[in-house]
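Those sequence lines, one after another, are chains A and B. Per this note's numbering, numbering through the first sequence is continuous, rising by one, with the last residue being 398. Per this note's numbering, numbering through the second sequence is continuous, rising by one, with the last residue being 398.
Since the hints were made in silico from the structure, they are not lab data. Certain hints may be false.
Any copy, or any two copies together, can satisfy a pair, since identical chains are not distinguished.
Unchecked claim - Calculated lysine-lysine pairs in the BS3-like style (CA-CA distance at most 27 Å, straight line): (1) 341 <-> 330; (2) 290 <-> 330; (3) 125 <-> 371; (4) 330 <-> 359; (5) 398 <-> 383; (6) 389 <-> 298; (7) 290 <-> 370; (8) 88 <-> 330; (9) 346 <-> 370; (10) 88 <-> 389; (11) 383 <-> 344; (12) 125 <-> 92; (13) 344 <-> 398; (14) 124 <-> 346; (15) 341 <-> 371; (16) 370 <-> 344; (17) 330 <-> 125.
Protein chains: 2
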Amino acid sequence: MKNNASLHEIGKILEKADSVLIFPHVSPDGDAMGSATGLYKALTSIGKKCAILLEEDIPEYISFLPFEGYTKDQNIIEEPDVTICVDCSEPNRIPSRVEAFEKGKTRVCIDHHINPEGYGDYYYIDEGTAAASELIYTLIDEMTWPMDEDTAVLLYAGIVTDTGGFRYSNTTASTHRIAANLIEAGVNVNDISVALYQNVSREQTLAEAMILEKMDIFADGKGAISYVTLEELDEIGASPDDTENVIDRLRDVKGVEIAAFLKPKGNKVKASLRAKTYGDVQKIATTFGGGGHKKAAGCTIDGSVEKAAESMKNLIADSLEK
Amino acid sequence: MKNNASLHEIGKILEKADSVLIFPHVSPDGDAMGSATGLYKALTSIGKKCAILLEEDIPEYISFLPFEGYTKDQNIIEEPDVTICVDCSEPNRIPSRVEAFEKGKTRVCIDHHINPEGYGDYYYIDEGTAAASELIYTLIDEMTWPMDEDTAVLLYAGIVTDTGGFRYSNTTASTHRIAANLIEAGVNVNDISVALYQNVSREQTLAEAMILEKMDIFADGKGAISYVTLEELDEIGASPDDTENVIDRLRDVKGVEIAAFLKPKGNKVKASLRAKTYGDVQKIATTFGGGGHKKAAGCTIDGSVEKAAESMKNLIADSLEK
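Required output: the full structure, derived from the provided sequences and hints.
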């Protein structure tokens with residue numbers, strides 16, 4: 077990625093502005109909200125008029141974090157000097173807010189997702205960085221803007237959620253050094269671990285147990301598949317949303333290379349796919365009109381969950397035979 | 077803890093020795109074996125005659141690590157210049173090897189478990205450090221001994237396993253800075269994550285599902301208990317050892333403060349206990365003649381698993397009412 081501005085230059089642009097409107101990506105996660113709110117707090121502390129513009133509610137699992145300054149009011153700042161999107165760099169990642177973003181006298185972008193074309197008037201995109209929160213940390217640090225305990229917690233949470241707790245291959249030496257600095261700035265590691273990982277609802281726990289119990293291991297142990305119906309979820313008082321992490325547990329089974337999990341979504345079936353090391357689930361998802369990455373992909377299938385699971389199992393078995 | 081030697085002084089003692097025998101603790105885990113083998117590799121690389129003395133086999137879940145130099149042969153080095161225990165500082169943590177340890181002309185100890193009395197002729201015990209592997213890293217770094225990729229992997233694995241993947245409250249800024257240096261020395265984060273976390277046997281997965289499905293949430297959602305019988309485990313081809321991580325999953329349920337899991341052990345019942353934030357499970361374990369820490373404890377109970385679970389549930393309910 078060739079950037080047209082350094083973080084320091086973007087810092088200078090923000091310092092010159094009176095008002096800044098911040099845009100995290102649609103379906104905001106820990107890193108989107110952590111980096112956006114971290115930036116909001118730093119800019120507010122140096123006297124800027126600032127807000128974070130959302131198009132949805134913040135998901136419940138990260139709602140324990142000290143978020144502030146967010147709104148769905150597109151007119152919160154009528155004529156912002158700067159609009160800045162963080163943790164995203166494409167109009168389709170801010171679908172209902174593109175017009176508001178374009179209103180910025182200067183439009184800026186800080187992201188860590190691959191986008192060779194850049195976005196906005198000034199952009200800094202580093203796909204070698206594990207989390208946008210790392211980039212916001214570096215920005216605040218370079219500009220010597222104040223960083224209070226809440227800001228440290230927000231950026232740390234962004235890093236932890238985007239690296240799977242320092243487990244994914246995107247975790248670098250720099251990720252750990254920034255985490256060290258954030259701990260020194262006041263992060264309580266145990267508090268965040270309890271809130272993020274020791275907070276699984278009874279319904280999620282029971283749904284996961286049910287789905288793992290009926291998993292089908294096939295293709296000499298290299299494939300794993302499971303599914304759930306609305307009726308089964310109803311029985312334990314759970315909803316399809318309570319099955320978010322199950323796919324990782326299927327992949328985590330020893331010997332399994334490709335895992336799939338299917339659940340009802342409206343009158344269709346939503347399938348999630350994971351590969352452990354060499355498998356390519358993007359190809360499989362594409363067959364059903366879906367997409368994603370080699371190691372994590374998804375698609376939507378017509379028909380019943382049972383039928384869809386059968387087709388999916390056959391395709392995975394084929395893929396593992398090659 | 078007042079130490080009678082610095083890590084540097086212990087380094088000098090090791091440099092003067094011709095032969096060194098290393099003692100990790102009984103029931104060796106990732107940190108015991110990681111720190112012991114890391115030290116072994118560093119000392120071997122500077123020309124020392126060296127070995128790691130064990131009294132058991134290395135557990136399967138860490139067997140993917142590049143261990144070397146270990147033996148159960150107590151006469152592997154007849155008259156060692158130095159014997160050194162790592163990740164332990166008490167004779168009862170090397171129960172069948174105390175005599176071999178005492179044979180050292182100089183006896184040394186490097187540990188991070190609390191032991192106000194020290195152990196051996198020279199000891200460095202720092203209970204503020206998350207893992208013994210951190211101390212061995214610092215020792216190698218201070219002495220400028222060589223550290224190859226395998227050594228980095230061993231020490232990183234020791235740190236990861238003893239901090240629950242940088243999640244426990246023992247994780248410090250220094251833990252992260254050492255992890256950063258180890259990644260730069262060649263650790264592949266993804267490889268270790270896959271080996272440690274994406275390697276759960278089919279039997280473990282099914283046992284966990286079964287035990288979570290029958291969990292009993294009580295005391296206004298603050299207590300969680302489950303148990304398993306030998307017959308139930310038999311049905312899915314699992315053994316009591318396949319239930320090691322279930323207790324953490326019970327604690328992780330939202331709202332649960334104290335969790336208990338019981339399973340058969342010989343003709344008795346083994347109970348594991350966890351508290352999430354303010355609970356004290358050590359007290360409960362002590363009632364049954366067991367022990368541990370406030371947040372993690374265990375005990376052995378006479379009678380059937382069902383009966384033991386009933387007594388345990390009552391005691392937890394009492395404890396949560398206070």
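Hints versus structure:
1. 341 <-> 330: between (29 Å within a copy, 25 Å between copies)
2. 290 <-> 330: Both, since 16 Å and 24 Å are each at most 27 Å.
3. 125 <-> 371: Cα proximity of residue 125 and residue 371: none, with 41 Å in one copy and 45 Å across.
4. 330 <-> 359: Intra 23 Å, inter 37 Å, cutoff 27 Å: intra-copy only.
5. 398 <-> 383: within (24 Å within a copy, 53 Å between copies)
6. 389 <-> 298: Within. Shortest intra-copy distance 11 Å satisfies the 27 Å Cα cut-off; inter-copy 40 Å does not.
7. 290 <-> 370: Within one copy, since 26 Å is at most 27 Å while 36 Å is not.
8. 88 <-> 330: The answer is neither: 51 Å in one copy and 44 Å across copies each exceed 27 Å.
9. 346 <-> 370: Classified as within; 18 Å inside a copy, 43 Å across copies.
10. 88 <-> 389: For residue 88 and residue 389, neither the intra-copy (54 Å) nor the inter-copy (61 Å) Cα distance is at most 27 Å.
11. 383 <-> 344: within (11 Å within a copy, 47 Å between copies)
12. 125 <-> 92: within (12 Å within a copy, 65 Å between copies)
13. 344 <-> 398: neither (29 Å within a copy, 50 Å between copies)
14. 124 <-> 346: Neither way: residue 124 and residue 346 sit 43 Å apart in one copy and 59 Å across, limit 27 Å.
15. 341 <-> 371: within (22 Å within a copy, 40 Å between copies)
16. 370 <-> 344: within (24 Å within a copy, 48 Å between copies)
17. 330 <-> 125: Close neither inside one copy (52 Å) nor across copies (38 Å); limit 27 Å.
Hint compliance for this structure: hints 3, 8, 10, 13, 14 and 17 are not met, and every other hint is.
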